[in-house]
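Heads up: the sequence shown at position 41 corresponds to 1203 in our numbering, and the numbers run straight through without jumps.
Just so you know, the hints here were simulated from the structure itself, not pulled from any lab data.
For clarity, every value in this text was computed on a predicted model and none was experimentally measured.
Do not take every clue at face value.
Unchecked claim - Quick list of the computed label-pair ranges, beta carbon to beta carbon:
#	residue 1	residue 2	range
1	Leu1394	Leu1355	20 to 30 Å
2	Ala1220	Asp1166	43 to 53 Å
3	Arg1221	Ser1384	34 to 44 Å
4	Leu1394	Leu1216	15 to 25 Å
Backbone N, C-alpha and C fix where the C-beta goes; we use that ideal spot for every residue, glycine too.
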Amino acid sequence: GLYDSVKQLYTPKGAESTGVATRLLAGCTTGAVAVACAQPTDVVKVRFQASGALPDSARRYSGTVDAYRTIAREEGIHGLWRGTLPNIARNVIINCGELVTYDLLKDALLRTQLMTGEDSEGGHGQMPSLSLQHPTPVSSPPPDKIPCHFVAAFGAGFCATVVASPVDVVKTRYMNSSPGQYRKDLSCLLALLKQDGTAGLYKGLVPSYLRLGSWNVVMFVSYEQLQRAMALARPAPA
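All chains should be built: construct the whole structure from the sequences, respecting the hints.
What follows is the structure, encoded as structure tokens:
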């Protein structure tokens, strides 16, 4: 949503292209803004899911609205933003990992002419980017097809999962902890390492990858098809 607009904001006027550093900065900014707005919902989701695994008599919340109300009453409004910093770190890592890795993998597949399509004249078209600022001309269709998008998206999901899993595990444990159990997110990390070792940072890696990989495939394939449709609908320059 905001990624392309923020990227345009950070790109110097007159620049012919957007650099990797600018893309990373835009990913960090939009990731942080998204967490700041959605953190209460994430806290309630984690708490409610953990509560659902308990017997009925031990459940703390009777519903989603009750979870918001109970957390705010017992821990204050700031309790709804518990674990914000590790969640921002996680979202920033995932944002950057997904977008940058997807671009690199797709470019590599196109450079090696793997999973590329050809236009009617047998030549390759212009390589599209993840931005709608400069859509591919109608006369030069993109050489990449859905299989290319699928593989690049699944690879990006794997990279994002690997780099974000430690932060995700700490975030979930910290947000689901009882008040006073950990002083800060750093103390939660140290306690996890002491108890489970480094392997504890990658608990649930496979289901996390399946979830994030599937999400990446749906997101990037849909985005590329939407981008292509908008480029074809744009009138050709006279």
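Evaluation of the provided hints:
no., hint, result
1, Leu1394 / Leu1355: 20 to 30 Å, "violated, 52 Å"
2, Ala1220 / Asp1166: 43 to 53 Å, "holds, 46 Å"
3, Arg1221 / Ser1384: 34 to 44 Å, "holds, 37 Å"
4, Leu1394 / Leu1216: 15 to 25 Å, "violated, 53 Å"
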